[in-house]
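Below, each chain spelled out in residue letters.
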Amino acid sequence: MKPARFEYVAPATLDAAVEALAAANGEGKVLAGGQSLLPLLNFRMARPTVLVDLNGIKDLSFIELRGDSVAIGALTRHREIEHSPLIASRLPVMSAAMRHVAHLAIRNRGTIGGSLSHADPAAELPMMAMLYGASLTVQGPGGRRTLMAKDFFVDALTNCLEPEDIVVEIEFPILQHDGWAFEEVARRFGDFALASIAISIRRDKSGIEDARVAVMGVADTPLRLENVEKQLCEIEVDSRMLDRFSELVTSSVTPNSDLHASAEYRKHLLGELAKRAMRTALAAKG
Amino acid sequence: MSKDSSAQPADVLRPRHVGAPIKRTEDPRLLTGSGEYAADRKPDRPLHIAFRRSEQPHARLTRIDTAAAQTAPGVFAVFTAEDIAEDFKPVIPFSRMANYYATPIMPLASGKVRYVGEAIVAVVATSRYLAEDALELIEIEFEPLGTVSRSELAVAQDAPLLHEEAGTNVLIAREFKKGDVEADLKSAAVRVSGRFEMTRKAPLAMEPRSYTAEYDVRRGAITLYTSSNIPGIVRDAISESLGLPGSRLRVVAPDVGGSFGSKGSLYPEELLICIAARKLGRSLKWTADRLEDVSSSSQAFAEIVDAEMGFDENGVAVALQADVLGDVGAYSIYPWTCGLEPVQVVSFLPGPYKIRSYRGAVRGVATCKPPTGPYRGVGRPISTFVAERLMDLGAKALGLDPMEIRRRNLVCAEEFPYRIASGIIWDKTGFVECLDTAGAACGYEQLRVRQAEARSDGRLFGIGIASYAELTGIGSRIAVAPGMPINTGSETAKIFIDSTGAITAAFGVASHGQGLETTLAQIIADDLGANFADIRVIQGDSDAVPMSTGTYASRSAVLGGGAAKHASALLRDKIKRVASHLLEASHDDIEVSGGKAIVIGTDRAVTFRQVAKAVYSDMKTLPVDAREELSASYTYDPINGTTAAATHIAAVEVDPATCFVKIQKYVVAEDCGQIINPMIVDGQVHGGVAQGIGAALFEELVYDEDGQLLSASLVDYVIPSAPEVPDMDVVHIESESAVAGGFRGMGEGGTIGAPAAIANAIADALSPFDIDVNLLPMTPERIFRLIEQAKLKAKEKSE
Chain A
1 MKPARFEYVA PATLDAAVEA LAAANGEGKV LAGGQSLLPL LNFRMARPTV LVDLNGIKDL
61 SFIELRGDSV AIGALTRHRE IEHSPLIASR LPVMSAAMRH VAHLAIRNRG TIGGSLSHAD
121 PAAELPMMAM LYGASLTVQG PGGRRTLMAK DFFVDALTNC LEPEDIVVEI EFPILQHDGW
181 AFEEVARRFG DFALASIAIS IRRDKSGIED ARVAVMGVAD TPLRLENVEK QLCEIEVDSR
241 MLDRFSELVT SSVTPNSDLH ASAEYRKHLL GELAKRAMRT ALAAKG
Chain B
1 MSKDSSAQPA DVLRPRHVGA PIKRTEDPRL LTGSGEYAAD RKPDRPLHIA FRRSEQPHAR
61 LTRIDTAAAQ TAPGVFAVFT AEDIAEDFKP VIPFSRMANY YATPIMPLAS GKVRYVGEAI
121 VAVVATSRYL AEDALELIEI EFEPLGTVSR SELAVAQDAP LLHEEAGTNV LIAREFKKGD
181 VEADLKSAAV RVSGRFEMTR KAPLAMEPRS YTAEYDVRRG AITLYTSSNI PGIVRDAISE
241 SLGLPGSRLR VVAPDVGGSF GSKGSLYPEE LLICIAARKL GRSLKWTADR LEDVSSSSQA
301 FAEIVDAEMG FDENGVAVAL QADVLGDVGA YSIYPWTCGL EPVQVVSFLP GPYKIRSYRG
361 AVRGVATCKP PTGPYRGVGR PISTFVAERL MDLGAKALGL DPMEIRRRNL VCAEEFPYRI
421 ASGIIWDKTG FVECLDTAGA ACGYEQLRVR QAEARSDGRL FGIGIASYAE LTGIGSRIAV
481 APGMPINTGS ETAKIFIDST GAITAAFGVA SHGQGLETTL AQIIADDLGA NFADIRVIQG
541 DSDAVPMSTG TYASRSAVLG GGAAKHASAL LRDKIKRVAS HLLEASHDDI EVSGGKAIVI
601 GTDRAVTFRQ VAKAVYSDMK TLPVDAREEL SASYTYDPIN GTTAAATHIA AVEVDPATCF
661 VKIQKYVVAE DCGQIINPMI VDGQVHGGVA QGIGAALFEE LVYDEDGQLL SASLVDYVIP
721 SAPEVPDMDV VHIESESAVA GGFRGMGEGG TIGAPAAIAN AIADALSPFD IDVNLLPMTP
781 ERIFRLIEQA KLKAKEKSE
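Which chain is which? The protein sequence lines are A and B, in order. Taking the working numbering, the leading residue of the first sequence gets 1, the next gets one more, and so forth. Taking the working numbering, the leading residue of the second sequence gets 1, the next gets one more, and so forth.
Think of the hints as simulated: they come from the structure by calculation, not from any bench. Here a beta-carbon is modelled for each residue, glycine too, at the ideal position from N, C-alpha and C. Treat each hint with caution, since some may be false.
Taking beta-carbon pairs under 8 Å as the criterion, some of the chain A residues facing chain B (in silico) [claimed, not checked]:
#: 1; residue: ARG5
#: 2; residue: HIS268
#: 3; residue: LEU269
Partner residues aside, some chain B positions facing chain A, computed with beta carbon under 10 Å [unchecked claim]:
#: 4; residue: SER127
#: 5; residue: ASP706
#: 6; residue: LEU710
#: 7; residue: PRO780
#: 8; residue: GLU781
#: 9; residue: SER798
With the hints as extra help, turn the sequences into a complete structure.
This is the structure:
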């Protein structure tokens, strides 16, 4: 289980990295934390001719408040996001989700740019990008451009990037909400999710005024359930609310079956998690 | 008054090592990365092997073209079965069993392949990278012969035959019978039955299989460093196969990172690396990557058991019958044969219970999967699962408490030795004591109260019991594997004191995590009267003793420990004889303790160093005929072996929302006789139970209908990690055993008891739904389906 032969370059600037990637004629790959790419190389499922290592580009790693958003550099490690007070106060759902990202050793090396680019349908950061409606700045030979998360995730392990694009930073709009929850079930703590739901709500006197709902593990990409969000603002917060929400969520997804869980079981789990999450989010208001 | 004041002087002088929680002497090197595993060997300019393995489950090899690979960068040689045909004799896993077909062990697939992952071509290159590059240049044409993906399909009329010469896919068939089962079942007050299954599992040692063959040009000799737990058997088999005498073939198991059975058979790659080393006159290395290890090391379980048990009105089990269908994979294994796992199921099915009549039939059938082989517990995890489920079903039908029904059926203290219906004889062991102790330790009555409270809150809380017995430390009268011609009934200890007074003790047993370096030294320290720190234990080296088989089947403490005791006694006597000259005292007045010979009741003493100097270096102190070499050797054979037993009790809660099982309490009461080191015994129980939790809740090798392994990585093959393993209480019952030292083997018990106890606990938790748990692992997905089906059934009933 050794990778096939490849060239290795470690540019010091982003421009040089984009250049090296462009020179690879579509046969290049970007190395960030290496937590998904290296196993793929060892299995020879990925066979790039050139590996462009971004780890020497220090200005790709940052977390900063930028007006109504938090911007995160693509090379920022999961562990830094997990422990950031700024993330904890401004993007609380993301902060909670980070503890479910794999294991400590992986969080120490894995990066947000890498996780989003890998586009695993059961990974937390792509789901957070969907929940917050994040925008991704990417750089290619033609310069920089901005992509919305909802356009970025195309299919399982597939994004909309061109082979010579590199994700530079991700901007997460801060939600002016007062209740939130993140729920996930995996076989073991740190495994890929069998099902997960994240919600964030702002309540007014009569009910829910604004809502965000995202799910993962139940489709080929993480999903933001905008229909459910709209309906949430119309239903009453009463004793039947949790069940109604659960039904709304499960009827919006058609999960796949795989080795770890059938479609029916995933749907069941998602429905249960939806109830738990809404109970928590509503309780936060007090 | 302290205990010491009443002890005899000799006892006061002699520190007791056996029974003391001494820290493992191997741990400092293993935990600081200073261990030396087979892959750590650094021979002169080694070459590296990579294997091209079959992607086809069952196919004729019509063409293999290695021309391009041979000229690839760094490639030294490429071997197919044809290229090495003249270099070895196939190794045959013989057995005297009737209805058994022995498939030969071949280093590379010859003529056809029979499972995905079977090695077809070996590439030898200057690095593993270049060897793997060259693998891609090999062209192989396969002619598919039809997949046999499951045991039920293997026995179908028109199933493709994996081994045409056998004329059948049934490689082994056997039946045990005692009494009139049919009549006893007919007259039984209650009959319970079910179809039980444990799916295929990987032993999954942390260190994958790894071999380094060091070629000595001067002597034309090979030293094979192998991650094996049977280095002696490997030496003898390769010696025979390659026609290399033991003087030119040494097999060493250095530090080995776990086996759980997966390193307990001779492997094709072990043969191949020796054949290639001799052919090329070079040292070679190969280490399995995780994918190779999971898809080509021997696997476990894969059995379906149709079983029925009958009880009289008092809850006494009177009859038991079972038909076992074992999916043994594509080949028999050496030396244990493909009968090892499935035949043990029927041998041990009656367990620790007095069941009057018994019929157990077993078929082991070939399928397109890697061979099954020894796995910690061999046969008994599933035989215990089946028998203990039947006990609980019987208790339910009779309205008895599960604890009570076991008490009515276990062999009692005054009934030993007891021959169970399958013919196995249990020597005196604390069966009932284990049950009672486990019950007390877990607070059984309170647990039932807690269960009632949980149920009234609508929570799914259950309690499961499993009692079992096993044969350990098996001597020469019993074959470890059915009908196997190799003597596995003895082990040798060779102990000597060198001219510096240091002690070397050599064994053929091969620790791969058991801590034998520590426990064998503890025994020698006591029985020789030596300082623990002065003893060096050598093991797993075919040069160290004339013959050995290794460490497996819970034998090393009993056989290695017994040999150590006897050899120590012989050497101690020699020390006394020398000391009696040096101290001018009678032999009988001398006590050996703490590395000294002492005249009892005086301060006159000589150290081992002084004794050694007098024997070896000093020409005047001793008369010539008193200069006996300070060495002793003893080969110990316990003849029959000894029983070990335990009761496991698990309390679990099933979350109806997620269908996850949480283990709330886990208690083991076990009887391993005289404990040598309680920390090691506890560690063995903890590790075994953790593996048993894997078998009960997580681990499953999934092969699809095309014979492809779907759970081939540790992302998909899910094992319990630390958060999934609960705290457990282990209670010891040290009942006397008749073998030397009173030891009983205990390396396997954890995996035997845990699956059954957890299965019973889940069934108990789900009893409001009237659900049977008859398949392991009980994954959340399976629990979800069972609950859904039960709800549907209840709904249909009410309509």
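We went through each hint and held it up to the structure:
1. Against a cut-off of 8 Å between C-beta atoms, the interface hint on ARG5 of chain A holds, since the closest Cβ of chain B lies about 7 Å away.
2. Interface hint status for HIS268 of chain A: upheld, as the beta-carbon distance to the closest one in chain B is roughly 6 Å, under 8 Å.
3. Because the closest C-beta pair between LEU269 of chain A and chain B is about 6 Å apart, less than 8 Å, the hint holds.
4. For the restraint placing SER127 of chain B at the interface with chain A, the shortest Cβ-Cβ distance is roughly 8 Å, inside the 10 Å limit, so the hint holds.
5. A least Cβ separation of about 15 Å between ASP706 of chain B and chain A goes past the 10 Å threshold, and the interface hint is therefore violated.
6. Given the 10 Å rule on beta carbons, the hint for LEU710 of chain B holds: about 6 Å separates it from the nearest Cβ of chain A.
7. Against a cut-off of 10 Å between C-beta atoms, the interface hint on PRO780 of chain B holds, since the closest Cβ of chain A lies about 7 Å away.
8. At its closest, the beta carbon of GLU781 of chain B sits 5 Å from a beta carbon of chain A; the interface hint therefore holds under the 10 Å criterion.
9. Evaluation of the SER798 of chain B hint against chain A yields a violated restraint, the C-beta minimum of about 22 Å exceeding 10 Å.
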